[in-house]
Amino acid sequence: MINKDKISAQDIVEILAERADISKISAEDFFKVFINSLEEALIVGDSVKIKNFGTFKRQWIAPRKSIDVNTNEEIIIEGYYRINFTPFSTLKYAVNKPFAYLENVILDDDDEEPYRDADIDMDVDADMDEDADMDEDVDMDEDMDIDVDMNIADIDMSDIDMDMDVDMDVDMDMDESPKATGDDMNESFRHFEEQVNEIKDILSEIKLMNNIQDQQEEDSEKTTEYQEPATETIAEYVENDKDDEITVPEVPVETVGTVKEENSTEIEMSDVTKVVENALPPKKKKQVWYILLLLLLFSMTAFVLSYLFFEPVKDKTNSLLGISEGITKIGKQLFDSITTANTANTVDSLDNSIVAAETDSLETDSLETETDTSPIEDLSGNDETIPRITYNEFIKTITLDIGNHLASIARQYYGSPYFWIYIYEANKDEIPDPNVVPIGTEIRIPKMDPDIVNPNDPKAIENAKKRARLYR
Amino acid sequence: MNHKELIADIAGKIDLTKTEVEHLLDIIVDVCCEQLEGRGSIGMQSFGVFDVKKREERLTVHPTTQKRMMIPPKLTVNFKQSSILKDKLKNVPS
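Each protein sequence line maps, in turn, to chains C and P.
Numbering follows the working numbering, in which position 201 of the first sequence is assigned residue number 201; successive positions increment by one, without gaps.
Numbering follows the working numbering, in which position 7 of the second sequence is assigned residue number 479; successive positions increment by one, without gaps.
Chain P with its partners taken away, still in its complex shape (with noise of 0.2 angstroms):
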């Protein structure tokens, strides 16, 4: 389901057109990231955490040059979902 499919999930669901809900929509996803890229973290009670990790540098050997890499440090998106979501997950047949 891309963006689009979800845009007319949400409208079928809730009396408001696409346009609304994308902009809606849109707005969420600003606040998200706003707060992401301030190291900040989003917490969506149900569904899940949001959060900053940093991964710390590191060595490795590059598997066909065999040169050794100095990888940077980075700072990345992480979710975990919440265990609400997870149980939900689990009543699913595979």
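Bound conformation, chain C alone (with noise of 0.2 angstroms):
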């Protein structure tokens, strides 16, 4: 009935005389009455009020002082009278029915809108946790970072002879490890003693992969972000070893199969290079080899727990995994000697992370070799894909016009321009260059399998183009 944005007087004329059929002059006398003795009334200071509609009233507005814009003088507005309507309370009600399920809503001095405060709680709790995690994480860096430094520091560079001074400070952080026991330490020393040799041998290795970590340095700043939050699970599973030593073990072995060429080792055995580079009297020396271990324990649990927990390290692991079958292999033949050397002591475990840091040299040595032929493999792959095709039937025989050429025939007659590749093989002789295809030449548009040509397999279109590639 009424679906104009805005009505005037005479569509309400109007509409009252459909209504209430009367005649239009009779319904704009009524209305013009209306409106008068609205005005009379109002004038006269009287206020008015129509049911359902809502009350007139005359209102006295003061004059005031104001400033014109312009000229910055001032000017005083007249008094004036001016109508307030008031709606009646139906249709007030009736006019504001799209909001009218609002309410007032309280809002409380830290939060905001009520229905908003559960997700903020939340997010507020998530920070929270995510922060005391990262202060943690830091927190365990720093310590990290103080030990190594202490022990730079500590050992003097040039002196290798087989001083037997112990350093306090290295002392206090042997009470701080796990495994520093004093019967445990007393034992696993006159091990290290046998095996001295055994680690000069590593400790060439070592120096060997030191030229190898310089390069390295670079990607392992890099992954140091995505090793920090692996660090609080690693502290919670070196808390567990103090209780339960013998577990201990079984980690670095199950790393040994598992670990390889990953970064996260590579920053811990750099770490751990840098400390024998600068050896060393033998006492700090195998105090140095205590915490090295220590820290290949860390950096092999920290590895294992985000390979198990962290699905890009597993995923990564696995695709290099893949490239270096033989590496896994030379891990198998680790893990078993290992498995069978572990008989569940600590000084074997000690023994046996020797063994692992071993293998690891050995590894990322194999790892090297193994990467630079791999590249290689694949170049030779990819002539194979290629098989050649001999044209023999032809669909049509046409001759090349103005503004024609050999990608658009290929979309003619294929389907996709990429196909123009075909066209030019079956047609070599003809054709010296397929960008330069001179005007008149004749081409024979040759019949191929459509699944050859098929415009809509991404697979057909790839193989035409590393074909076109060839004759780039």
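The hints are simulated quantities; they were obtained by calculation from the structure and are not laboratory data.
Quick caveat, the model's predicted, so the values are computed rather than measured.
C-beta atoms are modelled at their ideal positions from N, C-alpha and C, and glycine is treated no differently.
Worth double-checking, as some hints may not be accurate.
[To be verified] Partial list, derived from the structure: chain C residues whose beta carbon lies under 7 angstroms from chain P:
| id | residue |
| --- | --- |
| 1 | K6 |
| 2 | F53 |
| 3 | F85 |
| 4 | F310 |
[To be verified] Computed spacing ranges between beta-carbons, pair by pair:
| id | chain 1 | residue 1 | chain 2 | residue 2 | range |
| --- | --- | --- | --- | --- | --- |
| 5 | C | E74 | P | K490 | 29 to 37 angstroms |
| 6 | P | L531 | C | N36 | 29 to 37 angstroms |
| 7 | C | P63 | P | G484 | 43 to 51 angstroms |
| 8 | C | E74 | P | D498 | 44 to 52 angstroms |
| 9 | C | S8 | P | I543 | 32 to 40 angstroms |
| 10 | C | D5 | P | E529 | 46 to 54 angstroms |
| 11 | P | R530 | C | N318 | 55 to 63 angstroms |
| 12 | C | G79 | P | A480 | 30 to 38 angstroms |
| 13 | C | F309 | P | E529 | 42 to 50 angstroms |
| 14 | P | T532 | C | I76 | 45 to 53 angstroms |
| 15 | P | H495 | C | I61 | 34 to 42 angstroms |
[Stated by the list, open to error] If the Cβ cut is set under 8 angstroms, some of the chain P residues that face chain C in the computed set are:
| id | residue |
| --- | --- |
| 16 | I499 |
| 17 | I500 |
| 18 | V503 |
| 19 | L547 |
Since each chain sits alone in its own frame, please combine them into the complex, following the hints.
As structure tokens, this is what we get:
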């Protein structure tokens, strides 16, 4: 009935006439009279109340001072009467219907609107947790750094003699470390002396590795970021180790199979080699080796945990394992030998760790050779994928017009411009350069296997592109 | 002047009974209400314009409880008198 945005008095009169079934003239008369009496009453100063509509009231607006915006002069706005209209409550409500469901909301000092409260609280809690985690992580890292720094500082670089001085600071570190119970230490010292030769071998290997690690340090800087979240879990794990030392060896053993060339171990290894490089009076050296082994254990547990619980690491490692099957074989052999040697003894566990360190260095070497050879295989594999096609049958022979080229012909006959290469191969004798085909050249369109020139198959297009690359 | 007085006033000026006037007045009010409910506006020349305005939501502080309140948005009917009516009112001695 009423579908205009704005209706005038005239429209009201028309609708009134229609609904009341009276003539327009009488309707207009009535409306005018209505407005007249309304105005008269208002001018006199009376308020007018219309049922279901609202109340009109005359209001005196007092004169007030103001400043002319343009001239900055004070002006006085004269007082005047204004007609105020207060809608009836039914009208008020009816008009506000779209927003009627909304209510006043009391806001507490801390919170936003109640319906958002839950979400915000959750967010805040989560943030808090993250912050806490981060703090812990940072602390852990700092402790580690300090330990390493102290070692480096305490060890005299030039002094490689077998000096028996025991550094108090290193002792302190040892006490803190999970396995530094007195008897175990003595036993393991003897064990170490037996293995001095072995250690020397490893030392030389690690020195070789150091060259590699200079390059890898950049990489390791990147990886430190993703290593951080795992640190907390490592801490927990180490705490468990204190309670149950027998379980410890299993972790590095497992790691030998999986760690490989993973960057996280390389970071720790670089620390290890730094310390070794700066070696060292032998007593100190032994202590240092203890710490090195602990670091190694740390890194290995870190990797194993991240491998088990951190999806990207797993993927990356698996892909790396896929590249170097040879390495996994070595890893398996070592795994077997270590598991046999593993007699649930803390000293033995240390032995295993040494072997693990050795294997790590071996593995990094073997990885290098592996990566050197792999790209060559890829290249050689490329050529084999493109079979030769003989073109015997031809659909049609056409003459090249102005504005036509091989791609457009291919689009016309095969559905995709990428298949121009087949036309070119079929007409290789006539076309010396596929990019410049002279006008008037007679071109035979070869009959192709629909699978090869299927424009909807991305593989077919890819093959055509590969083939085209051969002629570049 | 309330509704009845207005009807009586109109009935005195025009040749119609009070019930007829009331009926017609009701129709006018209905038309106006329908128009305003549809967020339309009504322009009555020489009298003024009715239209619907949206009052945006706002934050306030309750004066006694000192609690912050969110006042939801609201649609209200506004009336603005025409300048003709304003001039007519000017001539009235206060």
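Hint check results:
1. Given the 7 angstroms rule on beta carbons, the hint for C:K6 holds: about 5 angstroms separates it from the nearest Cβ of chain P.
2. At its closest, the beta carbon of C:F53 sits 5 angstroms from a beta carbon of chain P; the interface hint therefore holds under the 7 angstroms criterion.
3. Because the smallest distance between the Cβ of C:F85 and any Cβ of chain P comes to about 3 angstroms, under 7 angstroms, the interface hint for this residue holds.
4. Checking C:F310 against chain P: minimum C-beta separation of about 44 angstroms lies over 7 angstroms; hint violated.
5. A hinted range of 29 to 37 angstroms is violated for the C-beta pair C:E74 and P:K490, which are about 53 angstroms apart.
6. Against the hinted window of 29 to 37 angstroms, the Cβ-Cβ separation of P:L531 and C:N36 comes to about 45 angstroms, which falls outside the hint.
7. At about 37 angstroms, the CB distance of C:P63 to P:G484 disagrees with the hint of 43 to 51 angstroms.
8. Between C:E74 and P:D498 the beta carbon distance is about 50 angstroms. The supplied range of 44 to 52 angstroms therefore holds.
9. For the pair C:S8 and P:I543, the supplied restraint of 32 to 40 angstroms holds, since their beta-carbon distance comes to about 34 angstroms.
10. Take C:D5 and P:E529: their Cβ atoms lie about 24 angstroms apart, and the range 46 to 54 angstroms is violated.
11. Under the hint 55 to 63 angstroms, the C-beta atoms of P:R530 and C:N318, about 58 angstroms apart, fit the expected range.
12. Our hint of 30 to 38 angstroms for C:G79 and P:A480 holds, since their Cβ atoms are close to 32 angstroms apart.
13. Checking the proposed 42 to 50 angstroms range against C:F309 and P:E529 shows it holds: the Cβ atoms sit about 47 angstroms from each other.
14. Hint check: P:T532 to C:I76, Cβ distance near 33 angstroms, so the stated range 45 to 53 angstroms is violated.
15. The beta-carbon spacing between P:H495 and C:I61, approximately 36 angstroms, falls within the hinted interval of 34 to 42 angstroms.
16. Taking 8 angstroms as the C-beta cut-off, the interface hint given for P:I499 holds, the closest approach to chain C being about 5 angstroms.
17. The interface hint given for P:I500 holds, since its Cβ lies 6 angstroms from the closest Cβ of chain C, which is under the 8 angstroms cut-off.
18. The closest approach between the C-beta of P:V503 and any C-beta of chain C is roughly 5 angstroms, which is under the 8 angstroms cut-off, so the hint is satisfied.
19. A cut of 8 angstroms between beta carbons decides the hint on P:L547: the least distance to chain C is about 5 angstroms, and the hint holds.
Comparing the model with each earlier hint shows violations of hints 4, 5, 6, 7, 10 and 14; every other hint is respected.
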